[in-house]
Amino acid sequence: MTSPFATLLFTLVRHRGVKGCMVVDERDGVIVDANLQLGVDGAAMAALAASVYRKARRAATAAGFGEIAFFELDAEHGRVCAAGRGGLVVVLVAENRVNLGLVRVEMLRALEAFA
Amino acid sequence: MRFSVAAEWVELPLKQFVDEARVQLAVLLYPSGQVLGQFGFGRSVDVMTACALSAAITASSAELGRMVDGTPFTDLHYAGRDKQLFLGQVPIADGALVFLTVFDDESSLGLVQLFFREFCAVTASVVPSSNAETPALSDDFERELNHNLAVLFGRQ
Numbered sequence: 001m002t003s004p005f006a007t008l009l010f011t012l013v014r015h016r017g018v019k020g021c022m023v024v025d026e027r028d029g030v031i032v033d034a035n036l037q038l039g040v041d042g043a044a045m046a047a048l049a050a051s052v053y054r055k056a057r058r059a060a061t062a063a064g065f066g067e068i069a070f071f072e073l074d075a076e077h078g079r080v081c082a083a084g085r086g087g088l089v090v091v092l093v094a095e096n097r098v099n100l101g102l103v104r105v106e107m108l109r110a111l112e113a114f115a
Numbered sequence: 116m117r118f119s120v121a122a123e124w125v126e127l128p129l130k131q132f133v134d135e136a137r138v139q140l141a142v143l144l145y146p147s148g149q150v151l152g153q154f155g156f157g158r159s160v161d162v163m164t165a166c167a168l169s170a171a172i173t174a175s176s177a178e179l180g181r182m183v184d185g186t187p188f189t190d191l192h193y194a195g196r197d198k199q200l201f202l203g204q205v206p207i208a209d210g211a212l213v214f215l216t217v218f219d220d221e222s223s224l225g226l227v228q229l230f231f232r233e234f235c236a237v238t239a240s241v242v243p244s245s246n247a248e249t250p251a252l253s254d255d256f257e258r259e260l261n262h263n264l265a266v267l268f269g270r271q
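So the protein sequences, as listed, match chains A and B. Heads up: the first sequence runs through residues 1 to 115, numbered per the working numbering. Heads up: the second sequence runs through residues 116 to 271, numbered per the working numbering.
Misleading hints may appear alongside valid ones.
Stated by the list, open to error - Looking from chain B toward chain A, a few residues come up when the C-beta cut is under 8 angstroms (computed):
(1) S223
(2) L224
(3) G225
(4) L226
(5) Q228
(6) L229
What the hints assert, rightly or not - Distance windows between CB atoms, simulated:
(7) A:G39 / B:T186: 24 to 34 angstroms
(8) B:L168 / A:V40: 36 to 46 angstroms
(9) A:D33 / B:V183: 23 to 33 angstroms
(10) B:T164 / A:T11: 49 to 59 angstroms
In case anyone wonders, no lab produced these hints; they're calculated from the structure. For glycine and all other residues, C-beta sits at the position ideal for the given N, C-alpha and C.
Full structure from sequences and hints, please.
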């Protein structure tokens with residue numbers, strides 16, 4: 001049976017440089033649905049990315065900035081992006097060569113499905 | 116620090132787990148209910164109660180698993196309104212230990228499961244080989260049970 005997020009995930013992973021994409025439960029940090037390349041530790045990524053997202057959201061709220069829409073982590077060999085809404089977070093793992101602007105638009109558009 | 120251990124080798128994996136998973140309570144025990152180390156408890160009677168209940172739940176869920184699925188159920192997660200509980204089995208050379216942890220919104224099930232996997236790996240690498248030979252219920256079980264609780268709470 002196909003999950004309601006399968007199309008969304010497929011749209012994101014087809015971009016060049018994307019190694020995987022997941023829909024993660026923000027509170028539990030567990031995978032709801034995922035489309036990952038071999039070698040990506042989905043469970044670890046989901047737990048850690050959801051934790052960072054949750055803390056970033058709390059920090060933004062504490063600072064009076066409102067809801068966080070999107071965040072990006074830059075590392076030496078890749079990027080992790082996350083965007084959330086309604087208790088779910090879209091987490092994307094990509095190489096540095098990914099077209100970040102395009103992926104960002106797609107992720108924010110994907111959030112509309114969570115409303 | 117609110118750590119106390121009855122066996123030295125427990126300290127490293129337990130501290131690592133608590134530091135990384137940001138849990139509120141953690142206790143490692145034999146399947147018989149005898150405590151090996153704990154974090155977060157203030158009274159020995161609470162540790163004793165947690166160990167007894169954890170051992171009972173582990174035994175019951177294993178038997179239930181055998182009945183309905185042919186194999187024992189291993190890990191258990193319960194999500195309360197504010198706090199959550201995770202009860203897992205830590206494989207060692209010849210058997211398994213039982214691990215109970217309680218956490219709130221500072222952590223998550225995903226983080227607990229992630230660092231529990233690391234906890235299992237570190238524990239398996241530091242547990243003495245003779246540990247696996249410890250009988251589930253030795254002749255002096257009650258004395259050993261009380262001894263470990265006394266060591267944990269400085270009454271030795």
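Hints, one by one, checked against the model:
no.: 1; hint: S223; result: 4 angstroms, holds
no.: 2; hint: L224; result: 4 angstroms, holds
no.: 3; hint: G225; result: 3 angstroms, holds
no.: 4; hint: L226; result: 5 angstroms, holds
no.: 5; hint: Q228; result: 7 angstroms, holds
no.: 6; hint: L229; result: 5 angstroms, holds
no.: 7; hint: A:G39 / B:T186: 24 to 34 angstroms; result: 29 angstroms, holds
no.: 8; hint: B:L168 / A:V40: 36 to 46 angstroms; result: 38 angstroms, holds
no.: 9; hint: A:D33 / B:V183: 23 to 33 angstroms; result: 27 angstroms, holds
no.: 10; hint: B:T164 / A:T11: 49 to 59 angstroms; result: 51 angstroms, holds
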